[in-house]
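Chains Z and D are the protein sequences, given in the same order.
Position in the first sequence counted from 1, then plus 57, gives you the working numbering.
Position in the second sequence counted from 1, then plus 57, gives you the working numbering.
Any given hint could be a false lead.
[Stated by the list, open to error] Some, not all, of what chain D presents toward chain Z, calculated at C-beta under 7 Å:
#: 1; residue: VAL181
#: 2; residue: PHE279
#: 3; residue: VAL331
[What the hints assert, rightly or not] Here are some chain Z residues the structure puts well away from chain D; computed CB gaps all over 10 Å:
#: 4; residue: CYS147
#: 5; residue: MET275
#: 6; residue: ASP326
[As the list claims (entries may be wrong)] What the simulated footprint calls covered on chain Z by chain D, stretch by stretch (three residues with Cβ under 8 Å from a Cβ of chain D suffice, anywhere in the stretch; the number is not a length):
#: 7; stretch: 87 to 99
#: 8; stretch: 227 to 239
#: 9; stretch: 341 to 354
Hints are computed from structural coordinates only; laboratory data are not their basis.
Backbone N, C-alpha and C fix where the C-beta goes; we use that ideal spot for every residue, glycine too.
Residues per chain are reported as follows:
There are 2 protein chains.
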Amino acid sequence: MTAADLKAGALIAVDWGTSNFRATLLAADGAVIDRLQAPKGILHVERDGFPAVLTELLSPWLPHLPGVPVLMAGMIGSADGLVEVPYLACPASLDDIADGLVRVTPLGEANPAYIVPGLRGQSVADSPDVMRGEEIQILGALDPDARGEQILCLPGTHAKWVRLNGRTVQSFSTCMTGDAYSALRQHTILRRFAAGGEHDAKAFRRGLERVRRPGGLMHHLFSARTEVLLGDMLPETASAYLSGLLIGDEVRAMVEAIQPQSDVTLIGDPRLTVLYAEALERHGQSSRSIDGDQAVTHGLYQLATRAGLPQSN
Amino acid sequence: MTAADLKAGALIAVDWGTSNFRATLLAADGAVIDRLQAPKGILHVERDGFPAVLTELLSPWLPHLPGVPVLMAGMIGSADGLVEVPYLACPASLDDIADGLVRVTPLGEANPAYIVPGLRGQSVADSPDVMRGEEIQILGALDPDARGEQILCLPGTHAKWVRLNGRTVQSFSTCMTGDAYSALRQHTILRRFAAGGEHDAKAFRRGLERVRRPGGLMHHLFSARTEVLLGDMLPETASAYLSGLLIGDEVRAMVEAIQPQSDVTLIGDPRLTVLYAEALERHGQSSRSIDGDQAVTHGLYQLATRAGLPQSN
């Protein structure tokens with residue numbers, strides 16, 4: 058990457074989540090110029106450390122990009138981030154997000170910076186629910202002239218199931234499946250074999266099937282241990298089986314609660330969306346998948362454009 | 058405890074589980090003379106360390122009790138214990154357990170020692186399932202002339218739901234609810250508030266109710282976070298709420314799968330059985346509770362008597 062290439066940058070789009078920091082440098086027309094990423098999620102930054110960490114992480118770019126705006130989404134806008142940005146309440150139009158941007162000054166006067174608000178709504182259980190960052194993926198993935206009802210699922214540490222009407226988020230439900238998967242495979246009796254292991258398609262499918270039987274999730278989880286103990290399952294396939302149990306239970310409950318009337322749109326890491334697509338298929342539910350990283354970049358660019366942010370040097 | 062008191066000991070009954078070691082010294086008539094316990098479960102003992110640890114833990118008693126037999130139940134008979142003792146296959150009569158005792162020699166010739174076999178069977182999901190130690194609690198809790206079908210539940214790290222016919226264990230299902238509870242409250246996003254906190258009856262009940270709504274367990278778990286985040290729940294009550302969600306989901310699934318035709322018999326720590334009794338009541342299911350520690354001692358004594366073990370000095 059030459060200095061001349063970098064100087065074409067018109068927007069720094071940042072996805073700053075709990076575990077990771079990802080930044081994309083975009084040209085005025087939305088073309089991707091460069092990318093940076095670091096395992097520097099907000100949980101790994103001291104309360105007062107955000108300006109210094111941001112300056113450091115963007116140091117390959119900033120000297121070449123005076124005045125270029127930085128647009129940030131994700132947990133950086135939470136109470137544990139740089140500044141707590143109020144949630145927009147659902148039903149909320151994705152087109153209203155631009156109006157909720159909050160100006161911040163972690164980079165002083167050199168580069169203006171903004172944080173995207175998250176969304177707050179009610180879930181299928183009529184529980185309060187929240188998201189920060191996923192709204193940008195939805196924005197980036199959505200057809201500009203979307204109409205009617207659409208169900209989206211964004212798998213991850215805290216998976217989101219979202220009901221959209223046109224470009225309006227009606228409601229959404231979080232499932233902490235990914236978070237629970239890590240905790241259960243590393244910190245319960247299953248840790249002896251499920252802590253390691255590669256993905257295994259057959260064991261995953263076996264988990265999807267098992268969880269459809271009676272007994273409940275807490276019972277099915279224990280079968281990972283007994284099947285290995287009694288020689289019915291190879292220990293190295295137990296983590297894939299566990300993944301099948303958890304994703305299978307999540308998808309079963311959500312399909313039952315939401316009853317999608319058309320394809321579910323999966324947005325996320327392709328390694329995850331392929332698993333959810335299979336689980337959905339077992340429930341007679343078709344789906345289509347969209348890459349999550351591309352959706353974030355595209356969503357931030359759209360939002361910045363709407364807010365009149367990108368500027369050439 | 059005087060040496061003269063100890064000398065009346067006729068049986069050392071040991072419950073050696075994953076996390077804890079508990080020993081009871083019994084007179085020939087079954088009266089309790091003394092108790093010992095230590096946080097020295099089999100996970101805290103090196104593979105070759107069992108004889109030395111047992112000698113050390115029983116050192117207050119052994120010099121006074123040459124020849125007195127030691128009867129051990131629990132995970133000490135697993136592949137990670139002193140010796141792997143084969144499971145009895147269900148349906149198995151509790152009266153057959155005595156025939157499966159395995160003689161071991163961790164104390165050399167000074168004191169004969171025996172390990173109780175566990176049980177192996179099929180669960181409500183037709184999964185293979187196993188228990189080690191709970192069979193002794195069932196034996197100790199059971200009416201000697203029990204007839205007909207009876208459903209028992211033994212809450213704990215790995216709760217067991219057992220279908221008995223007379224004195225025969227027909228089948229049983231393990232739910233790793235307690236194990237998952239520890240992992241989820243300490244190693245997920247819930248850890249910030251759910252890792253501590255006292256029991257709170259109202260929050261527990263709120264969890265029992267919440268889990269009856271649509272959305273599935275992985276969704277309901279996240280509501281512990283959002284309710285606290287949005288000020289709808291005091292952070293210090295989140296662990297009790299989480300407990301209500303998990304126990305509520307377990308009880309719902311098990312009552313649905315087993316459909317008990319009469320009172321469920323709860324055997325365990327009274328602080329836990331009272332929670333399960335409440336969860337069962339919410340599902341219109343009556344129960345009665347029996348203290349688990351007393352059941353273990355009583356069960357080991359019965360078993361020893363049947364095997365002709367207790368002997369006076």
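Hints, verified against the model:
no.: 1; hint: VAL181; result: 5 Å, holds
no.: 2; hint: PHE279; result: 4 Å, holds
no.: 3; hint: VAL331; result: 19 Å, violated
no.: 4; hint: CYS147; result: 13 Å, holds
no.: 5; hint: MET275; result: 4 Å, violated
no.: 6; hint: ASP326; result: 18 Å, holds
no.: 7; hint: 87 to 99; result: violated (count 0)
no.: 8; hint: 227 to 239; result: holds (count 8)
no.: 9; hint: 341 to 354; result: violated (count 0)
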